[in-house]
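K.L.:
Under the UniProt record's numbering, the letters of the sequence shown match residues 1 to 181, in that order.
Hints may be right or wrong, so weigh each one.
Unchecked claim - Listed next, the in silico EDC-like pairs over lysine to aspartate or glutamate satisfying Cα-Cα at most 16 Å (straight line):
{"hint": "1", "residue 1": "K143", "residue 2": "E37"}
{"hint": "2", "residue 1": "K138", "residue 2": "E98"}
{"hint": "3", "residue 1": "K29", "residue 2": "E50"}
{"hint": "4", "residue 1": "K89", "residue 2": "E112"}
{"hint": "5", "residue 1": "K141", "residue 2": "E37"}
{"hint": "6", "residue 1": "K140", "residue 2": "E37"}
{"hint": "7", "residue 1": "K138", "residue 2": "E97"}
{"hint": "8", "residue 1": "K143", "residue 2": "E130"}
{"hint": "9", "residue 1": "K141", "residue 2": "E98"}
{"hint": "10", "residue 1": "K89", "residue 2": "E111"}
{"hint": "11", "residue 1": "K138", "residue 2": "E120"}
Derived from the structure by calculation, the hints contain no laboratory data.
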Amino acid sequence: AWGLESSQQRFVWVVHPPVDDGTPQYLPKEFTSRTHERGLVVSSWAPQAEILAHQAVGGFLTHCGWNSILESVVSGVPMIAWPLFAEQKMNATLLNEELGVAIRSRKLPSEEVVLRVEIESLVRRIMVEEEGCEMREKVKKLKDTAEMSLSCDSGSSYESLSRVAKECDRLLERDIMARGA
1 AWGLESSQQR
11 FVWVVHPPVD
21 DGTPQYLPKE
31 FTSRTHERGL
41 VVSSWAPQAE
51 ILAHQAVGGF
61 LTHCGWNSIL
71 ESVVSGVPMI
81 AWPLFAEQKM
91 NATLLNEELG
101 VAIRSRKLPS
111 EEVVLRVEIE
121 SLVRRIMVEE
131 EGCEMREKVK
141 KLKDTAEMSL
151 SCDSGSSYES
161 LSRVAKECDR
171 LLERDIMARG
181 A
């Protein structure tokens, strides 16, 4: 919370309280009152894909689950990778080192405390520095590629699914013919 506040950037933060009693005790004292003009804290479910699709979103801190990555890519939003366990660490490495559409902490959030100054730096890097602009360009190219692959006219995903459907039809027709003969 402190790092996000210090970054001075606008935000929507979906954070679930450790105890679901409706009180914001898990945030620093008066955090919401100090940031209410530039931030929104949501302590329940939020429509992530719709939020990411909004043109005002400049970055997304993600645990690097595959669904969150896909939603971010198809929305053209660069990421702060915050992997916690399992394949998330590998996904974060792919996003950061191979694709260049994410930045990450020097520390593993699941193993060490990430200091507020580093969180502030990550947020500022993605939102206001040149590095963030470069990531936006790269993720825009991925977004365009994803849109083409899903295109009904000539997208590779559409063509692959069409082939599967045609093969299912062929096998079903063959099975019906074999039963009728």
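K.L.:
So, for every hint listed, does it hold in this structure?
P.N.:
Okay, the hints, checked on the actual structure:
Proximity of K143 to E37 is assessed by CA-CA distance (about 31 Å); at most 16 Å being required, the pair is judged violated. Distance restraint check for K138 and E98: the Cα-Cα separation of roughly 11 Å lies within the 16 Å cut-off, and the hinted pair is therefore satisfied. At most 16 Å may separate the alpha-carbon atoms for a hinted pair to count; K29 and E50 exceed this at roughly 30 Å. Distance restraint check for K89 and E112: the Cα-Cα separation of roughly 14 Å lies within the 16 Å cut-off, and the hinted pair is therefore satisfied.
Using a Cα cut-off of 16 Å, the hinted pair K141 and E37 is violated, with the two alpha carbons roughly 33 Å apart. Distance check on the hinted pair: K140 and E37 sit about 29 Å apart at the alpha-carbon level, beyond 16 Å; violated. Distance check on the hinted pair: K138 and E97 sit about 13 Å apart at the alpha-carbon level, within 16 Å; holds. Between K143 and E130 the CA atoms are separated by roughly 20 Å; this puts the pair beyond 16 Å, and the hint is violated.
For the hint linking K141 to E98, the alpha-carbon distance of about 14 Å falls within 16 Å, and the restraint holds. Taken as a hint, the K89 and E111 pair is honoured in the structure, with Cα atoms around 12 Å apart against an allowance of 16 Å. Among the hinted pairs, K138 with E120 is inconsistent with the structure: their alpha-carbon atoms are about 23 Å apart, more than 16 Å.
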